[in-house]
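**Student:** Full structure from sequences and hints, please.
Listed below are the residues making up each chain.
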Amino acid sequence: MGEEDVKYVEITYRGIFQKRLAKYVAEGLVYMARDMGKSAVSFGRYGDSPERNGVPAKYYVAVGNVSEEDLIGYSTRVEPEYVDVIAVLDDTLLKGVESWAWQGVQPINLKLRKDGAMIVTSRKPMEEMVKLTPSKDFQWTLGKLNWDRSFSGLWAFNDDTTMERVWGAIAKVRPDIVDIQHVVSYVKSHKKDKLNERLKAVEEAYEGLVIKTMNPGEGVEFKYAPPRLLTWQEMMEGTAIPAVPRGGRNEQFKRGTTKTERPTVDFDACIKCDLCWVYCPDECFDKTPDGYYDIAYDYCVGCGICAEVCPVKNCIVMVDEKRLPDYTRPYGMWKANKVEYKKWLQNARAEVRERPIVPGLGR
Amino acid sequence: MTQVAEKEILLNGTQAVAYAAMYADVDVTAAYPIRPYTEVMDTISKLIADGQLDAEFIIAEGEHGQFEIVKHASLVGARTLVGTSGVGWLYAMEAIVVTATDRAPVVAVIGNRALDDPGAYGVEHNDALMVRDVGWLLVWVDTAQEAFDTALLAYRIGEDPRVLIPVGVSMDGGFLTHSEQIVRLPDRELVKSFLPPYDRGKLRVHPDNPISVAPQVNEDWVTEIRRQHDEGMERAREVIKEAYESFKKTFGRYPGTTRDITMPENPFVEPYMVEDADVILVGMGTVSKPMKVAIKNMREKGVKAGMLRIRWFRPFPAEDVMKYLANAKVVCVVDRDYSLGSPFRGGVVYHEVRSSLYDLDERPKVLSFIGGLGGREITIQDVEKIIKIGVEQRDTPLTRHTYWVNVRGDPW
Ligand code: SF4
Ligand code: SF4
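Which chain is which? The protein sequence lines are X and U, in order. For the first sequence, position 294 matches number 294 in my numbering, and the numbering has no gaps at all. For the second sequence, position 283 matches number 283 in my numbering, and the numbering has no gaps at all.
Just so you know, the hints here were simulated from the structure itself, not pulled from any lab data. Heads up, a few of these hints could be off.
[What the hints assert, rightly or not] Think about it this way: if two alpha-carbon atoms lie no more than 27 angstroms apart in a straight line, the pair counts; the simulated DSSO-like pairs of lysine-lysine are: (1) Lys191/X to Lys46/U; (2) Lys124/X to Lys313/X; (3) Lys7/U to Lys188/X; (4) Lys192/X to Lys46/U; (5) Lys46/U to Lys188/X; (6) Lys7/U to Lys194/X.
[Unchecked claim] With beta-carbon atoms standing in for the labels, derived distance ranges: (7) Pro33/U to Tyr224/X: 31 to 39 angstroms; (8) Gly51/U to Ala269/X: 24 to 32 angstroms; (9) Gln181/X to Lys388/U: 25 to 33 angstroms; (10) Arg249/X to Ile59/U: 35 to 43 angstroms; (11) Phe138/X to Lys388/U: 39 to 47 angstroms; (12) Met273/U to Tyr224/X: 34 to 42 angstroms; (13) Ile211/X to Gly409/U: 56 to 64 angstroms.
[Unchecked claim] Calculated from the model, a selection of chain U residues having no Cβ within reach of chain X, i.e. all distances over 10 angstroms: (14) Lys7; (15) Asp54; (16) Ile58; (17) Glu94; (18) Ile182; (19) Ser342; (20) Gln393; (21) Thr402; (22) Val407.
Since we're looking at a predicted model, the values are computed, not measured. Every residue, glycine too, gets a C-beta built ideally from N, C-alpha and C.
**Tutor:** Now the structure itself:
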């Protein structure tokens, strides 16, 4: 038994909102694997800046029939070479994961190895999920944990049985890593309160997991090529980097996968005041020839400032990211078909979270 | 040797130190957030909030104030925990230096982090090493268990009346601060017998003991004060040995060991397969774990490799370095730091090792490997490559002193 026998679980989550959740999911898996007589450790992908709202971040669990010291030796890594299970705690992460500066947007299942499984917490029908899921050139398993994504604050933990459900789902697809008996016995021995609710959640996830075998090439094509990083001779001296040319954007550092909400624009209401363009901290707005402002969604972090400063009621409205499948820019859609765009807008705005209005700004 | 049931709990390096501070029953902790230290203060504040620890938790306005607070608290007799990372440590430097010269045995966790610029979070040892010359005890740990055990030891060693010197417990940012492993927590009653109350005696600043600390002086005082400090640093060697022995007697296991992790009983260094080794790697911190795997792999191919992990960097274990490296042909020192413009362009640990070996009649060749900076990993494959370079250099005249591990732009 050596390095190649080590199994890795990757928990992909939204920074801050799901940090505790991811950490506790990982923690439970370590204890369970140890109860099964294996060595296990966990580690956060440290460069992720998970202390920033929404940043796609990762937690890992390494499990193996090796000594704990060897396991630490293998897993003293920034991230593992491959993963066997991915637990995605928010289905909007399927659009891509960009956690590091200068790495570009990566497909959610980049490191999944052959016969691996990815479990996504989602309310979408499986067919819709397949259309959002990057393909692999081998067979693998896609699982849907039919459950709402769970968000909370940085040090808070939303104890809403998501954790138990993720454990149950993993036990279903990869009992070789943790099996259902050990999930149950762990919950029984470590959780004193709401025990029945927790056990029911484990069982629901285990029994109710929607599973689909993904064939080679099934899903959407999502090409990712790691950026070519410069040699020390090529880099500018003094920690300097060249500016992005005027009108251009940084291809290697987009940050759009961070958002959990996005601004939608009703161009018919827009008075072309340019405040959104001025205030957007990420310079996401592009002036169109006819004076409107288009949004580069793949760079928008969803901070909501544009919606706050827009002086026209319901012109910019923040909507839940889960209602939109991709980062298609709005202006082109509106220009192409205003009626269709209206429908798109209505659909996107069908459920809008109440946002606090900051006094002194807009509206 | 007493055998006691220990509680096993999953903790990362920062949490382990916070738990040790709870077991040591610290009186005062001062905090200011910076990654990767932050989880120390988070954990401490939670332990206080949960009623598991009764201590003053003071949020400072910055790291300078943070270190001033614990220095003053320590001088009036409080047991303290403090910590920071990277540029936070440097921002506090004035306070950090006087903490040592005033002989306040605070315990500081340094979650090692690259210095700015560029802005990066990952490990590099240059932060903690900034105080290598000014009289701090400095130790590097490589597992969460060792972090816990060493933090307990740090109070016992630093507060010993023969020492009274602050202790910096360093751990690699990310690879240990944010990595969880099972830690054995001892019985709290046993900790009380291992760690006597902190007593500064006649050096305690108190109305009943009127003294003043840190006067302004002329040139006729300073040399003696430094010399005295030097003596305290030297006495620490004996105190460290005693403390490790006592730890083993009290808790029934040698510091840093677990069910899976065993090592020879030496407080200062961890030798691994050095007895017959031609090529011996030297390093500090978590690089030890990939090193051990690489050594096993290379030994399967017939290469006699070994490792000497430096645990205590101050006081530096020159005698152990001589003892364990004397018979090697090549010593490859892997530095997670740099010392630009230094002799042969080598790293900090390289110079300490090379200097320690100077008086041997037959010296091994010493090569410097600089790598893993800013949080880059040093993988098992990287270490195997280092060993191969050591083997290549074994029988040829020394042509090159320093290599940068896996740097883009140089052949590797
Ligand atoms: S929400 Fe608006 S202001 Fe914020 S980044 Fe996106 S476009 Fe810019
Ligand atoms: S702030 Fe609102 S009204 Fe002004 S240009 Fe932007 S979208 Fe149009």
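**Student:** State for each hint whether it applies.
**Tutor:** Structure-based check of all given hints:
1. Annotation: proposed proximity of Lys191/X to Lys46/U holds, straight-line Cα distance about 19 angstroms (limit 27 angstroms).
2. Under the criterion of a C-alpha separation no larger than 27 angstroms, the hint pairing Lys124/X with Lys313/X is inconsistent with the structure, at around 31 angstroms.
3. Restraint check for Lys7/U and Lys188/X: satisfied, since their Cα atoms lie roughly 18 angstroms apart, inside the 27 angstroms limit.
4. Straight-line distance between C-alpha atoms of Lys192/X and Lys46/U comes to about 20 angstroms, which keeps the hinted pair within the 27 angstroms bound.
5. Straight-line distance between C-alpha atoms of Lys46/U and Lys188/X comes to about 24 angstroms, which keeps the hinted pair within the 27 angstroms bound.
6. The suggested pairing of Lys7/U with Lys194/X holds, with an alpha-carbon distance near 25 angstroms, which does not exceed 27 angstroms.
7. For the pair Pro33/U and Tyr224/X, the supplied restraint of 31 to 39 angstroms holds, since their beta-carbon distance comes to about 34 angstroms.
8. Range check, Gly51/U to Ala269/X: about 55 angstroms between beta-carbon atoms, so the 24 to 32 angstroms window is missed.
9. A C-beta distance of roughly 46 angstroms is found between Gln181/X and Lys388/U, which places it outside the suggested range of 25 to 33 angstroms.
10. Hint check: Arg249/X to Ile59/U, Cβ distance near 39 angstroms, so the stated range 35 to 43 angstroms holds.
11. Between Phe138/X and Lys388/U the Cβ separation comes to about 34 angstroms, which falls outside the hinted range of 39 to 47 angstroms.
12. Separated by about 41 angstroms at the C-beta atoms, Met273/U and Tyr224/X satisfy the suggested range of 34 to 42 angstroms.
13. One distance hint, 56 to 64 angstroms for the beta-carbon pair Ile211/X and Gly409/U, is violated here, with the actual separation near 47 angstroms.
14. Against chain X, the non-interface label of Lys7/U holds: every CB pair exceeds 10 angstroms, the least being about 13 angstroms.
15. For Asp54/U, the shortest C-beta to C-beta distance to chain X comes to about 21 angstroms, beyond the 10 angstroms cut-off, and the non-interface label holds.
16. The Cβ of Ile58/U sits about 19 angstroms from the closest Cβ of chain X, beyond the 10 angstroms cut-off, so the non-interface label holds.
17. No beta-carbon of chain X comes within 10 angstroms of the beta-carbon of Glu94/U; the shortest separation is about 26 angstroms.
18. Interface exclusion of Ile182/U from chain X breaks down, the closest Cβ pair being 7 angstroms apart, not more than 10 angstroms.
19. No beta-carbon of chain X comes within 10 angstroms of the beta-carbon of Ser342/U; the shortest separation is about 19 angstroms.
20. For Gln393/U, the shortest C-beta to C-beta distance to chain X comes to about 23 angstroms, beyond the 10 angstroms cut-off, and the non-interface label holds.
21. No Cβ of chain X approaches the Cβ of Thr402/U within 10 angstroms, the least distance being about 15 angstroms, so the stated non-interface status holds.
22. Listed as outside the interface, Val407/U is inconsistent with that label: its C-beta sits roughly 6 angstroms from the nearest C-beta of chain X, within the 10 angstroms cut-off.
Of the numbered hints listed earlier, those contradicted by the structure are 2, 8, 9, 11, 13, 18, 22.
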